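Undergrad: One letter stands for each residue in the lines below.
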Amino acid sequence: MNDLDRQLTELQERFGAAVAAAPSAQALDDARVAFLGRNGEVTSVRRSIGTLPPEARPAAGKRINLAVEAMERMLGDAQVRLEARAFETELAQVVDVTYPGIEPPVGTIHPVRRITEQASAYFARHGFAVVVGPEVEPDYYTFDALNIPSDHPAREGFDSFWLTDSLLLRPHTSPMQIRTMQQHRPPVAIIAPGKCYRRDAVDARHLFQFHQIEGLLVAEGVHFGHLKGMLSGLCRELFGPEQQVRFRPSFFPFTEPSAEVDTTCPRCHGHLQRCGMCGGSGWIELGGAGMVHPNVLREVEYDPDVYSGWAFGVGVERLGLTRYGVDDIRRFINSDPDFLEQLR
Amino acid sequence: MRVPIAWLREFVDLPDDPQAVADRLAMLGFPVAEIERRPAITGVVCGRIRTLEKHPNADRLQVAGVDVGGERPLTIATAATNVAVGQTIAVATIGARLPALTIEPRKMRGIASEGMMCSAEELALPADWFEDGILQLDADLPVGRDIVGHFGLAEAVLDVEVTSNRADAMSMLGIARELAGALGSALRTPLAANPGSAADRPQALSVTLASPDCRRFVAQRFDGVRVTTAPAWMRIRLALAGQRPIDSLVDVSNYVMLEVGQPLHFYDADRIDLAHLEVRDARDGERLITLDGIDRTLTPRALVIADPHGARCIAGVMGGSDSEVGPTTASILLEAANFNGARVRRTATDLGLRSEASSRHEKALAPALTDLGAARAAALLVAQGATAQAPVAFGAAVEPPRPIALALHDVARILGIALAPARIAGHLEAVGCAVTLGEDRLAATPPPWRTDLHDAADLIEEVGRMEGYDAIAPVLPSVPAHAISSAEFRLENDLAYGLRALGYREIITHSLHGTRLFDATMRAGLVPSHTAVEVRNPLSEDQRFLRHALGPGVIEYLARLPQPLRVFEIGHVFALDEGTIDESNVLLFGFSAKPLDEPDWRDSHFLRLKGDAQELIRSLCGVRTEASADARNGLHPGKCAVLLHEGHEVATLGMVDPRLAKAFDAALPIYLANVYLDALPEYRLPRYVAPSRYPSTYRDLALVVALDVTAGAIEAAIARSLGERCTGVRVFDEYRGAQVGEGVKSIAVRVTLQRFDATITDDEADAAVAHVLAELRERFGAVIRE
Numbered sequence: 001m002n003d004l005d006r007q008l009t010e011l012q013e014r015f016g017a018a019v020a021a022a023p024s025a026q027a028l029d030d031a032r033v034a035f036l037g038r039n040g041e042v043t044s045v046r047r048s049i050g051t052l053p054p055e056a057r058p059a060a061g062k063r064i065n066l067a068v069e070a071m072e073r074m075l076g077d078a079q080v081r082l083e084a085r086a087f088e089t090e091l092a093q094v095v096d097v098t099y100p101g102i103e104p105p106v107g108t109i110h111p112v113r114r115i116t117e118q119a120s121a122y123f124a125r126h127g128f129a130v131v132v133g134p135e136v137e138p139d140y141y142t143f144d145a146l147n148i149p150s151d152h153p154a155r156e157g158f159d160s161f162w163l164t165d166s167l168l169l170r171p172h173t174s175p176m177q178i179r180t181m182q183q184h185r186p187p188v189a190i191i192a193p194g195k196c197y198r199r200d201a202v203d204a205r206h207l208f209q210f211h212q213i214e215g216l217l218v219a220e221g222v223h224f225g226h227l228k229g230m231l232s233g234l235c236r237e238l239f240g241p242e243q244q245v246r247f248r249p250s251f252f253p254f255t256e257p258s259a260e261v262d263t264t265c266p267r268c269h270g271h272l273q274r275c276g277m278c279g280g281s282g283w284i285e286l287g288g289a290g291m292v293h294p295n296v297l298r299e300v301e302y303d304p305d306v307y308s309g310w311a312f313g314v315g316v317e318r319l320g321l322t323r324y325g326v327d328d329i330r331r332f333i334n335s336d337p338d339f340l341e342q343l344r
Numbered sequence: 001m002r003v004p005i006a007w008l009r010e011f012v013d014l015p016d017d018p019q020a021v022a023d024r025l026a027m028l029g030f031p032v033a034e035i036e037r038r039p040a041i042t043g044v045v046c047g048r049i050r051t052l053e054k055h056p057n058a059d060r061l062q063v064a065g066v067d068v069g070g071e072r073p074l075t076i077a078t079a080a081t082n083v084a085v086g087q088t089i090a091v092a093t094i095g096a097r098l099p100a101l102t103i104e105p106r107k108m109r110g111i112a113s114e115g116m117m118c119s120a121e122e123l124a125l126p127a128d129w130f131e132d133g134i135l136q137l138d139a140d141l142p143v144g145r146d147i148v149g150h151f152g153l154a155e156a157v158l159d160v161e162v163t164s165n166r167a168d169a170m171s172m173l174g175i176a177r178e179l180a181g182a183l184g185s186a187l188r189t190p191l192a193a194n195p196g197s198a199a200d201r202p203q204a205l206s207v208t209l210a211s212p213d214c215r216r217f218v219a220q221r222f223d224g225v226r227v228t229t230a231p232a233w234m235r236i237r238l239a240l241a242g243q244r245p246i247d248s249l250v251d252v253s254n255y256v257m258l259e260v261g262q263p264l265h266f267y268d269a270d271r272i273d274l275a276h277l278e279v280r281d282a283r284d285g286e287r288l289i290t291l292d293g294i295d296r297t298l299t300p301r302a303l304v305i306a307d308p309h310g311a312r313c314i315a316g317v318m319g320g321s322d323s324e325v326g327p328t329t330a331s332i333l334l335e336a337a338n339f340n341g342a343r344v345r346r347t348a349t350d351l352g353l354r355s356e357a358s359s360r361h362e363k364a365l366a367p368a369l370t371d372l373g374a375a376r377a378a379a380l381l382v383a384q385g386a387t388a389q390a391p392v393a394f395g396a397a398v399e400p401p402r403p404i405a406l407a408l409h410d411v412a413r414i415l416g417i418a419l420a421p422a423r424i425a426g427h428l429e430a431v432g433c434a435v436t437l438g439e440d441r442l443a444a445t446p447p448p449w450r451t452d453l454h455d456a457a458d459l460i461e462e463v464g465r466m467e468g469y470d471a472i473a474p475v476l477p478s479v480p481a482h483a484i485s486s487a488e489f490r491l492e493n494d495l496a497y498g499l500r501a502l503g504y505r506e507i508i509t510h511s512l513h514g515t516r517l518f519d520a521t522m523r524a525g526l527v528p529s530h531t532a533v534e535v536r537n538p539l540s541e542d543q544r545f546l547r548h549a550l551g552p553g554v555i556e557y558l559a560r561l562p563q564p565l566r567v568f569e570i571g572h573v574f575a576l577d578e579g580t581i582d583e584s585n586v587l588l589f590g591f592s593a594k595p596l597d598e599p600d601w602r603d604s605h606f607l608r609l610k611g612d613a614q615e616l617i618r619s620l621c622g623v624r625t626e627a628s629a630d631a632r633n634g635l636h637p638g639k640c641a642v643l644l645h646e647g648h649e650v651a652t653l654g655m656v657d658p659r660l661a662k663a664f665d666a667a668l669p670i671y672l673a674n675v676y677l678d679a680l681p682e683y684r685l686p687r688y689v690a691p692s693r694y695p696s697t698y699r700d701l702a703l704v705v706a707l708d709v710t711a712g713a714i715e716a717a718i719a720r721s722l723g724e725r726c727t728g729v730r731v732f733d734e735y736r737g738a739q740v741g742e743g744v745k746s747i748a749v750r751v752t753l754q755r756f757d758a759t760i761t762d763d764e765a766d767a768a769v770a771h772v773l774a775e776l777r778e779r780f781g782a783v784i785r786e
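Which chain is which? The protein sequence lines are A and B, in order. The first sequence begins at 1 in my numbering and counts up by one. The second sequence begins at 1 in my numbering and counts up by one.
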């Protein structure tokens, strides 16, 4: 065994020890640089070839290359080993997945909008547009055009906040029927959500400021059965597939025939004698509806002998009471953070 | 309206179960708010007191022999003091069940008592409304008769809601008529014949109808009247219907009103000038002391019944105390009149006088009802011993209702169910119409009481009502195409969901405010910038004004809560502008937050708010906005900005003026952004620019500038100077302090440089930056920080 062999064997052994002991990729790289780098130990050995007789140089070069190959293999093995050990360590980490998640800033949508939006989406699917309008209305849109002339006893039912002799805060969304029909020729298919105001004493069931959703469909061949169909669908949309709807005769000056619409109590389905939601009747009131009165159609210059239509109005907060099981309607306007959080 | 089912049974046969009656009524359009079930009472019969003696062993007791139709009178001891021989009374016999007790044989001071004489209260009638002691029944009631069945004491009372169009149903007869029609049963109508005969021609009775608002006035004089207690059957019925019994005359008028729906008025005939009565407008300033003792000054808006001495009665609302019937009254004049409902309603509202009578007169009562009302009252008064003169009707003859034409195919067109012509006719006949059926149409003449039936639509509703809405099958319509836009609603919804994504919670606050919010603003030394719209008739002071901005309501909301919160509201605001009301839809969002430990020239809360506002508008409209310092009422003067898009203001934002926050007792600083929905640009479609294929480079510059040089100005100057080579410029830090010296600040800005045609070289980048720095030095005196 010549000097070169001895030298290389010793080098290989030292290198093997260094890589085996290297605790990290960095230490491994340091060893690579120290032995195999541009100014490493192997380079020094290679330079010493020059002192050999020329005929011995090719063999020596070959010998050095073999050693370098072996050392590079050692390096590769060490890298694989080190990586495996790193994964092993990382994979050994265990977190408590039940520890509370880090919460992003949470935004919420008010339940009134949720309901409005869901109802809108349902009607939009069936080809209805969603329109909005002013809250301050002239009495013309609020009453006269809706077949409620001044001195009509039905005005009693709309105890309104008046701003001037003829302007008031709308007590219902029905003015949007007139506004829409005056702007468009039939067919007209809209729902009109929005705020309304009535001089009602506030209690667990009443607000003086509340939201309604108005619906209106006027076209040729529209009848009461279509009204029942759409409102039944709305109830199933909002309360679930088992929902039943009941129409009772009623009176509104702007519809004829008129109906009060009830839906089965989603809490007790009529099975509970003392249900807190429906009082045991098994039904809760949804709103008023009916076929648009011919006088209203005439007012907007639609021919009632050609066109027919229906309209309805439902109270959004009332729907909310039922939908979310809210005990007091005032919670909708108090907007307490806890309320918004629960119904988000 | 309280409707004792027992009273209805007088007119129509009904199911036993009150729930069944209530359900039927509900499906006819008369919802029953409550079924008041009466306590079960049994074993109470009619008795007549035959003997009455002092109790041998007790001073305060008497012992009566009461005939209840048995073999011998019952011995009953009583402590009541209003008993006398010959009286007809209710006797709870042994074993009887009363609401509070069961009657058992018992000894009262040594005498075995075989029952109990009943007071009104013991029969579950309001004690205050009847005599103290034993309830006095009518002498013609046979002894032994079951009292409970006879008076319907155990039958439920329905609280029926009657819609304002159905004046005809505001009576027992009206409700019974509806049920009879629906059930197909016969209606037993009360006798309409007036006992006042034409032979008793009244002398000198004259009513001039000087106003068209009185269409018909039936007057009838009665003599030999005695004001006493009304018969028990009448008092009990009134009480069950919720009407307090008063005396024999008042009770007759209330009874007739409840029974057939016609309100009546009685005058003391000796205290008015019967020969010169007149229905006319009140004179301006005319006075009348009404039955409630109030001296009222009238205006010509009121309609009055007057004689030459002045107003005697406010038509349809309330009589005058001068002509009030009382204990000395011997002769009365009955008024059964038909007035213009709107006129009565106006007057009643003006005077703040709503009564059972006015609430009926306000609606479209049938003129013919006056005659029935007078006839029923006459029958009852004559039964009480009065003599009736003939009724005299003033005003035009009652016009018979005109037939209404109905095209048969319209029934299916509107209701969506095909009904045989005969069935349609049958339904209309069931509600009292006289129907002539033709080939494809019919003519229906409504009954006189149905003043609400005017045209074909009304008939179609009646057909639907009698067929039952349940019979109409629900179907989905196929909605024809139309061009109505939902854009406004969509924008609002998108904003809401955009803000939700940014971590804001939607709230709803009141649109009506009291002076409290204005006071707070004033306390903060801020002059309101808008004239508020005032509500004329608020229910309470905190509803007096329409909000002119969302800010105060949201600040109040945030101030109420101790914890930091991020909220938004979308709603309408209102301002008075030269006499017209401006209404616009606005969005307000913002938060309360704990103050940060920052130098006074930096406010990260403000920057977060600005960032959120810009991001919101960017995501919704696809456009960028620029902030510019501004001053707005209610916002901190040094922390207020407007966001501009192409020079138009689309939002204002900033920190709420701390003085205002304090006025609302806010514990935390508040930051608010107001977005003008009407000013937002339409969504702009972005155009795609492919990124350069060559790498970019960047330079971070630390510039020392005077304090008034803004970050925005530096960014703009750099971008302009570099032109298209600049693909990014962003200020990322600011420093002030000893290390840069007084009166200046250091601004750190990263400039990104890139070419689209080649890789930008370091030399090229350095040269460009050197050029920029020279420009900045010239414009702002900016120097590179060492």
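Bear in mind the hints are in silico, worked out from the structure with no lab data behind them. Since the structure is predicted, the reported quantities are computational estimates derived from the model, not experimental observations. Possibly wrong hints are sitting among the right ones.
Quick list of in silico lysine to aspartate or glutamate cross-link-like pairs, DMTMM-like style, CA-CA up to 20 Å [claimed, not checked]:
#	chain 1	residue 1	chain 2	residue 2
1	A	Lys195	B	Asp600
2	B	Lys54	B	Asp67
3	B	Lys745	B	Glu778
4	B	Lys107	B	Glu121
5	B	Lys610	B	Glu598
6	A	Lys62	A	Glu103
7	B	Lys745	B	Asp708
8	A	Lys195	B	Glu583
9	B	Lys610	B	Asp470
10	A	Lys195	B	Glu734
11	A	Lys195	B	Asp542
12	B	Lys745	B	Glu775
13	B	Lys594	B	Glu556
14	B	Lys594	A	Glu103
15	B	Lys610	B	Asp494
16	B	Lys639	B	Asp597
17	A	Lys195	B	Asp494
18	B	Lys107	B	Glu161
19	B	Lys745	B	Asp766
20	A	Lys195	B	Asp678
21	A	Lys195	B	Asp582
22	A	Lys62	A	Glu72
23	A	Lys195	B	Glu598
24	B	Lys745	B	Glu786
25	B	Lys610	B	Glu715
26	B	Lys107	B	Glu53
27	B	Lys745	B	Asp582
Undergrad: None of the hints should be skipped; say for each whether it holds.
TA: Going through the hints against the structure:
no., hint, in the structure
1, A:Lys195 to B:Asp600, "violated (42 Å)"
2, B:Lys54 to B:Asp67, "holds (18 Å)"
3, B:Lys745 to B:Glu778, "holds (17 Å)"
4, B:Lys107 to B:Glu121, "violated (23 Å)"
5, B:Lys610 to B:Glu598, "holds (17 Å)"
6, A:Lys62 to A:Glu103, "violated (64 Å)"
7, B:Lys745 to B:Asp708, "holds (9 Å)"
8, A:Lys195 to B:Glu583, "holds (13 Å)"
9, B:Lys610 to B:Asp470, "violated (57 Å)"
10, A:Lys195 to B:Glu734, "violated (47 Å)"
11, A:Lys195 to B:Asp542, "holds (18 Å)"
12, B:Lys745 to B:Glu775, "holds (18 Å)"
13, B:Lys594 to B:Glu556, "holds (17 Å)"
14, B:Lys594 to A:Glu103, "holds (18 Å)"
15, B:Lys610 to B:Asp494, "holds (19 Å)"
16, B:Lys639 to B:Asp597, "holds (17 Å)"
17, A:Lys195 to B:Asp494, "holds (19 Å)"
18, B:Lys107 to B:Glu161, "violated (49 Å)"
19, B:Lys745 to B:Asp766, "violated (24 Å)"
20, A:Lys195 to B:Asp678, "holds (18 Å)"
21, A:Lys195 to B:Asp582, "holds (17 Å)"
22, A:Lys62 to A:Glu72, "holds (15 Å)"
23, A:Lys195 to B:Glu598, "violated (42 Å)"
24, B:Lys745 to B:Glu786, "holds (13 Å)"
25, B:Lys610 to B:Glu715, "holds (17 Å)"
26, B:Lys107 to B:Glu53, "holds (16 Å)"
27, B:Lys745 to B:Asp582, "violated (45 Å)"
When held up to the earlier numbered hints, the structure conflicts with 1, 4, 6, 9, 10, 18, 19, 23, 27 and fits the remainder.
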